[in-house]
Amino acid sequence: MNFPKKLIAVLALLPGLAFANEGGFALDKAPERASLSSLQNGAKLFVNYCLNCHQAASMRYNRLKDLGLSEDEIRNNLLFSGEKVGDMMTTALRAADAKAWFGAVPPDLSVIARAKASSAGSGGDYLYTYLRSFYKDDTRPTGWNNMVVPNVAMPHVMWQLQGIRTVKMVEEEDPHDHSKKVHSFAGYEQVTPGTMTAAEFDTATADLVGYLEWMAEPTQGTRKRLGVWVLLFLAGFAMLTWRLNASYWKEVK
Amino acid sequence: MAAFKETKLPADAPAADKALGWIDDRFPLSKLWNDQWGKYYAPKNFNFWYIFGSLAMLVLVLQIVTGIFLTMHYKPDAGMAFGSVEYIMREVPWGWLVRYMHSTGASAFFIIVYLHMTRGLLYGSYRKPRELIWLFGFAIFLCLMAEAFFGYLLPWGQMSYWGAQVIVNLFGAIPFVGDTLSLWIRGDYVVSDATLNRFFAFHVIAIPLVLLGLVAAHLIALHEVGSSNPDGIEVKDNLGPDGHPVDSIPSHPYYTVHDLFGVSVFLVIFSAVVFFAPEMGGYFLEYNNFIPADSLKTPSHIAPTWYFTPFYSVLRATTADFMYVLMAAVAGYVVFIWLKSRLAFKTKAIIAVVALLMIVGMQILEAKFWGVVLFGSSVMILAGLPWLDHSPVKSIRYRPDWHKYVYLVFGLSFVTLGYLGTQLPTPAFTMVSQLCTLLYFSFFLLMPWWSTMGSFKPVPNRVTFHPH
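So the sequence lines, in the order shown, correspond to chains W and L. Everything in the first sequence is counted per numbering that gives the first Met the number 0, starting at 0 for the first residue and increasing by one. Everything in the second sequence is counted per numbering that gives the first Met the number 0, starting at 0 for the first residue and increasing by one.
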């Protein structure tokens with residue numbers, strides 16, 4: 000195509016670019032789980048399922064007191080391998096071993112909920128969808144694959160709760176080229192039930208994701224509560240300075 | 000040197016007056032206060048656009064104070080930097096607030112400075128005799144960009160690391176010295192701990208010292224000639240019986256209370272962001288930067304922070320295809336100068352030779368080099384404004400109406416370039432950014448001609464002021 004034609008074609012199609020996105024698996028919205036009991040449940044799931052391989056090295060165990068737990072409750076229920084309640088949430092799995100066994104070092108989860116945000120959804124949406132998108136795949140070393148992160152190195156840690164699922168793929172005509180066929184995702188199929196129903200697993204995952212969002216910024220509650228008072232004060236202060244300014248400028252002719 | 004004159008106040012004078020007298024005999028405190036603010040007479044018709052200079056000073060102080068507290072806990076080591084920022088966010092009392100004020104302050108600084116420069120453009124604040132104020136301001140802008148660039152590496156996130164890698168590598172595009180220069184800047188063959196340490200030194204002390212000096216020079220130059228105003232007229236042409244301009248008022252108390260109001264409005268907006276939206280949708284605190292830097296994993300989309308994106312767009316727009324457009328544009332501009340300008344023959348000849356060398360260079364050197372040249376030029380050209388603007392009036396108020404559309408197109412091009420810089424480059428986006436690049440440079444390079452065209456409105460003798 001010669002240049003002027005290319006220019007016109009590009010300019011004519013410009014409005015359509017407003018709708019283009021980078022592709023990828025559509026993300027579900029993570030349900031709001033902000034109650035202390037949900038966050039405590041999320042902390043329980045996190046310590047039991049995630050800290051075996053991952054660490055959250057910026058998070059101190061005793062910070063969980065912000066969630067309404069006492070130091071004794073933390074010590075008796077959430078410390079498993081001889082840590083003290085003032086220690087950081089580390090893991091015994093060494094990075095070199097993880098690389099050898101899984102092919103990738105499990106990332107630190109301290110701020111994972113902030114890191115995974117994008118135009119496709121919040122960090123919580125990403126994690127909520129990711130944790131519920133594992134399916135059985137015998138071609139993978141772990142036996143598991145994931146719709147959000149294809150060929151992920153992480154196994155389905157909570158498989159006993161969700162049960163075993165496979166994906167249904169259907170062959171469809173490629174919308175861009177009708178002579179070709181593409182495999183499209185057409186839903187999951189429950190092969191073996193888990194200890195939780197689908198709804199219970201969704202709620203548990205939502206609790207875990209809520210905890211991860213809290214852990215990414217433990218001061219967010221304080222920040223927002225304080226912000227209300229700060230803005231109220233500053234609004235009043237601005238009113239005062241406005242009238243003070245007006246009173247002086249009346250003298251200027 | 001005059002003999003020492005001691006202020007003698009009556010014995011029952013207040014202690015404060017006596018103390019001030021003692022100081023004034025030894026240090027020009029009252030004189031400084033009066034010359035710089037108290038009895039510094041400024042035009043009375045300042046509008047909304049005139050608040051941004053004071054706000055810029057406020058944010059500078061804010062950044063320095065929050066920066067000092069951050070430096071108490073931050074660790075400039077590649078292995079500890081990311082963790083130390085999280086330590087500040089979680090364990091240092093009020094650390095989260097200091098951190099958010101500093102990150103929001105950085106973006107606020109650029110919003111304020113861009114609006115401050117817009118005021119200059121609208122009202123001809125850079126015109127004679129205020130060219131030096133503009134040049135000091137331009138130097139401040141360069142230092143501010145350097146300060147932000149060095150500061151952004153410090154959290155040692157993915158975007159910090161890779162953004163620094165990309166920008167320092169740009170210096171490698173300079174022929175002959177490029178690679179050695181990049182090595183010298185980085186202190187290593189790739190961005191590493193060595194780079195982090197030196198960027199920390201630049202960010203914490205080297206550039207702030209230079210910035211403070213430049214801000215002082217900027218204000219001294221301003222106070223030497225006096226402030227301009229939205230009508231662009233010289234108020235000192237019309238002095239009253241007291242020796243002060245009739246259209247001026249003392250900064251204290253009038254601009255003290257005026258700026259206090261402006262500051263309180265700013266603080267409302269600033270606090271709303273700090274307390275409720277410190278990430279600002281990933282523009283003030285980028286999502287990718289919450290992943291610790293990994294030299295082995297390149298992010299799929301490396302973009303600079305929002306305030307650099309207009310100039311980054313110019314860099315990305317300079318593709319191999321665009322070189323042909325640039326060659327034609329340079330040739331066309333030289334022809335235009337030969338036909339239309341009233342420069343001396345020798346000057347025109349030199350311009351023609353330089354242009355020829357440029358066109359030859361555009362054939363030999365790759366587009367990457369010229370991209371860096373245009374990237375730098377898009378910033379540097381701002382310094383030329385006092386000598387590019389030949390309009391018989393200073394302020395946009397008295398220019399022909401159609402000039403307003405020229406400014407609007409320039410502003411839209413700048414904002415469009417900024418938006419496109421945040422997006423992944425597609426063929427359509429590249430073409431739009433190329434168009435906006437041409438519009439951006441044309442605004443400046445053709446200004447000696449378009450700024451004189453059209454019918455200008457009569458400029459008043461007295462400022463336009465409506466009593467409040």
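These are computed hints drawn from the structure, not numbers from a lab. Keep in mind that this is a model prediction, so the values were computed, not measured. Beta carbons: idealized from backbone N, C-alpha and C, even for Gly. Do not take every clue at face value.
With a Cα cut of at most 30 angstroms, we get these calculated DSSO-like pairs of lysine-lysine [to be verified]: (1) K252(W) to K127(L); (2) K249(W) to K38(L); (3) K296(L) to K98(W).
Per label pair, the in silico range of CB-to-CB distance [unchecked claim]: (4) A119(W) to V189(L): 24 to 34 angstroms; (5) N51(W) to P174(L): 35 to 45 angstroms; (6) L407(L) to G102(W): 50 to 60 angstroms; (7) D320(L) to D173(W): 23 to 33 angstroms; (8) A119(W) to L342(L): 48 to 58 angstroms; (9) A276(L) to G102(W): 45 to 55 angstroms; (10) Q35(L) to E82(W): 25 to 35 angstroms.
Going through the hints against the structure:
1. K252(W) to K127(L): 29 angstroms, holds
2. K249(W) to K38(L): 19 angstroms, holds
3. K296(L) to K98(W): Between K296(L) and K98(W) the Cα gap is close to 15 angstroms, so the pair holds against 30 angstroms.
4. A119(W) to V189(L): 24 to 34 angstroms: Since A119(W) and V189(L) have Cβ atoms about 31 angstroms apart, the given range 24 to 34 angstroms holds.
5. N51(W) to P174(L): 35 to 45 angstroms: For N51(W) and P174(L) the Cβ distance comes to about 54 angstroms; the hint is violated.
6. L407(L) to G102(W): 50 to 60 angstroms: Check passed, 55 angstroms falls within 50 to 60 angstroms.
7. D320(L) to D173(W): 23 to 33 angstroms: 31 angstroms, holds
8. A119(W) to L342(L): 48 to 58 angstroms: Holds, at about 56 angstroms.
9. A276(L) to G102(W): 45 to 55 angstroms: Violated - the Cβ-Cβ distance for A276(L) and G102(W), about 38 angstroms, lies outside 45 to 55 angstroms.
10. Q35(L) to E82(W): 25 to 35 angstroms: Once the Cβ atoms are compared, 59 angstroms apart, the range 25 to 35 angstroms for E82(W) and Q35(L) is violated.
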